[in-house]
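Build the full structure now, drawing on both the sequences and the hints.
No gaps in the numbering here: position 78 of the sequence shown is 149 in the numbering used here, and each next residue is one more.
Hints are computed from structural coordinates only; laboratory data are not their basis. One or more hints might be untrue.
Simulated DEER-style distance windows between Cβ atoms [unchecked claim]:
hint : residue 1 : residue 2 : range
1    : Glu-142   : Pro-204   : 30 to 40 Å
2    : Glu-156   : Gly-98    : 36 to 46 Å
3    : Pro-204   : Glu-168   : 14 to 24 Å
Positions of the beta carbon are idealized from the N, C-alpha and C atoms, including for glycine.
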Amino acid sequence: MLLSSFDIWKPHHRSNSSDDLLLELQGRGRLPESARLLRRLPVNTQQASAQLLAAIHEYRPPWVLLGGMAEGRSRLTLERRAVHETGVHCTPMPVWELVAGLEHTDVSYHAGRFVCNATYYQVLSGIAAAGLPTQALFLHVPCSQSPAWPKIVADADQLLQRLMQRVPTPCSMTSERVNDFAAVSG
Numbered sequence: 072m073l074l075s076s077f078d079i080w081k082p083h084h085r086s087n088s089s090d091d092l093l094l095e096l097q098g099r100g101r102l103p104e105s106a107r108l109l110r111r112l113p114v115n116t117q118q119a120s121a122q123l124l125a126a127i128h129e130y131r132p133p134w135v136l137l138g139g140m141a142e143g144r145s146r147l148t149l150e151r152r153a154v155h156e157t158g159v160h161c162t163p164m165p166v167w168e169l170v171a172g173l174e175h176t177d178v179s180y181h182a183g184r185f186v187c188n189a190t191y192y193q194v195l196s197g198i199a200a201a202g203l204p205t206q207a208l209f210l211h212v213p214c215s216q217s218p219a220w221p222k223i224v225a226d227a228d229q230l231l232q233r234l235m236q237r238v239p240t241p242c243s244m245t246s247e248r249v250n251d252f253a254a255v256s257g
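Dropping the structure here:
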């Protein structure tokens, strides 16, 4: 499994909650020994995508869980798809099954309009173009100063445990052409 986080991008940020989450889970011994971490990726689509795709090609992990901070959200959000201009890439992972019963986790159909969405799109696109069996997901993480942080960490832990129990199966990613309104509205 390959897990990633982004670096900070605003002057008032002391840390990126996606990185805080990785550190918390690692400190609790909740990451598999075989997990590879790409921490504090640059907040730059080309650089982050290049680092992620190089690691995917080198290590061939069954799963990639990309993480990013969602400063305005109060819940974990598992992203179903990434949008670029008129194209969409959807993860083949059963996102609704993965979040079923999790108290502080939702599914989103649009990963935003910033580096998170663009990087997710590039990773999904790169995996598809190379015909790799790796499956990717993006997890938006609320600020770690949230009062709900312990529950958010517990949900993330459960999500990782569910991923580790899954046997990867080759399946193609959905690549669709949609208008922007459809992508935003889900």
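Do the hints match the structure? See the list:
Range check, Glu-142 to Pro-204: Cβ separation about 34 Å, and the 30 to 40 Å hint holds. Checked against the hint of 36 to 46 Å, the pair Glu-156 and Gly-98 passes, with Cβ atoms roughly 40 Å apart. Evaluation of the 14 to 24 Å hint for Pro-204 and Glu-168 yields a pass: the beta carbon distance comes to about 19 Å.
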